[in-house]
Amino acid sequence: MILSQNSGIPIYQQIADAFKADILSGKLKQGEYLPSIRSLAKELRISVITTMKAYELLEAEGLVTGVQGKGFYVNAQDSEMLREQHLRKVEECLAEAMSAARIAGLSNKELQEMLKILLEQSEER
Amino acid sequence: MNEKMEAVLEVKNLRKKFKEFELKIEDLEIPKGFATALIGENGAGKTTLLNCLSGVRLDYQGEIKYFGKYVNDEREKPENQVRESIGCAGPSGYFLSHWTVAQVADMGELLYEHFHKEHFWKLCDDLNVLPGGKWGTKISALSDGNQMKLKLASVFARDTKLLLLDEPTSPLDPLMREKLCSMLREYLEAGQGENTVLFSTHNVSDMESVTDYCVIIEQGRVVERGFVEDLKEKYVLVKGEKEDLEAARPALFQVSESKYGFEGICLAENLEKLAGLRVSKETPSLFQISVAILKKYTAIA
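Same order as they appear, the protein sequences are chains D and C.
Residues 0 to 124 (numbering that gives the first Met the number 0) make up the first sequence, in order.
Residues 0 to 300 (numbering that gives the first Met the number 0) make up the second sequence, in order.
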């Protein structure tokens, strides 16, 4: 896990993202316990409260469950629900792009054209 | 404090009056299982508070509850193991200066049930208290830094549940500060939520990576407290151009201006009052939060 002090992304967010990637990729399996907050803090050389906040974030997203005195374990991942979450995210981002386009005075056709070009570019890569 | 959390120390209406200074703490809780930093200007009352908590000073009014149950006389009963469970280190000399390092070990064994001599020697070695290892060296011959390391070794060589450290970092070099941070994290981990550290410090930046909760005191009063991650959401660091300063000022908690612009701390709840101004917003470090709060409450102009 690589944590950056000056990326502008809070440390707890970076930790949560790293675990999220491991959970979604299946590297961390259902029922598996995450390291204890204090041992993770020790390993990452950060404060306990920061790791705790990262875990609470994962819990709020439904990825893990916290058990008093035992720690946090990985939940069964409902792939349908995850896909749903991602779709919602795509919609939100597109809606944001649409409102930015409106401010910039872009027509619908121009916006579609722009998306098409970006898609083609990302395919080439 | 979070309702799920327990307090290892609960202070109620603590008062200690001096000629020109009064420590007055209505209520204060130190969360169990975390590291808490006590921050404040020189003379704010940090050492007085720590001395009341550690029992070095008993001439105060008010109540201090230890480990969720022991109040006043209860803490003196040997069966409650309060003294045995607390480790203290600070700048004042509680080792006699003509003692040798070996005598410090003997005294540790004499005074405490759970003092591990082997571990003490290992810590002295790890911390390089005596380069060359002459255990007959007198304490008075040690530098301030090495005296502090010796005090830390004698505290970490015991089985404790609570460490009260007064300015442990000030005589230490950067490597030792880093080492102390690691030792504190190891201590917290080993306790699995039962071990707590309370330390006072002026080296807020050096200790930020091991600070979970912080208590800021000024002129004998607690002026802010909270978990660091919560304070970083409560306060926002804003920077702006000079021409926007007067418009921004009423919304700012504290502000410093320079020739070219201003930098200040804004309460997150007041951020909307800055709408329309060209200001940048960042998450402040604990150091930046502490400085803003101290500047706000300081008596020094």
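Where hints are given, some of them may not hold.
[Claimed, not checked] To give an idea of the interface, some chain C residues facing chain D are shown, with a C-beta separation under 7 Å as derived from the structure:
1) Ser-208
2) Glu-228
3) Leu-230
Hints in this document: simulated from the structure, not taken from any laboratory.
Each residue gets a CB set at the ideal place from its N, CA and C atoms; glycine is no exception.
For this session: Hint by hint, work out which the structure violates, then give me just those numbers in ascending order.
Result: When the structure is compared with the hints, only number 3 turns out to be violated.
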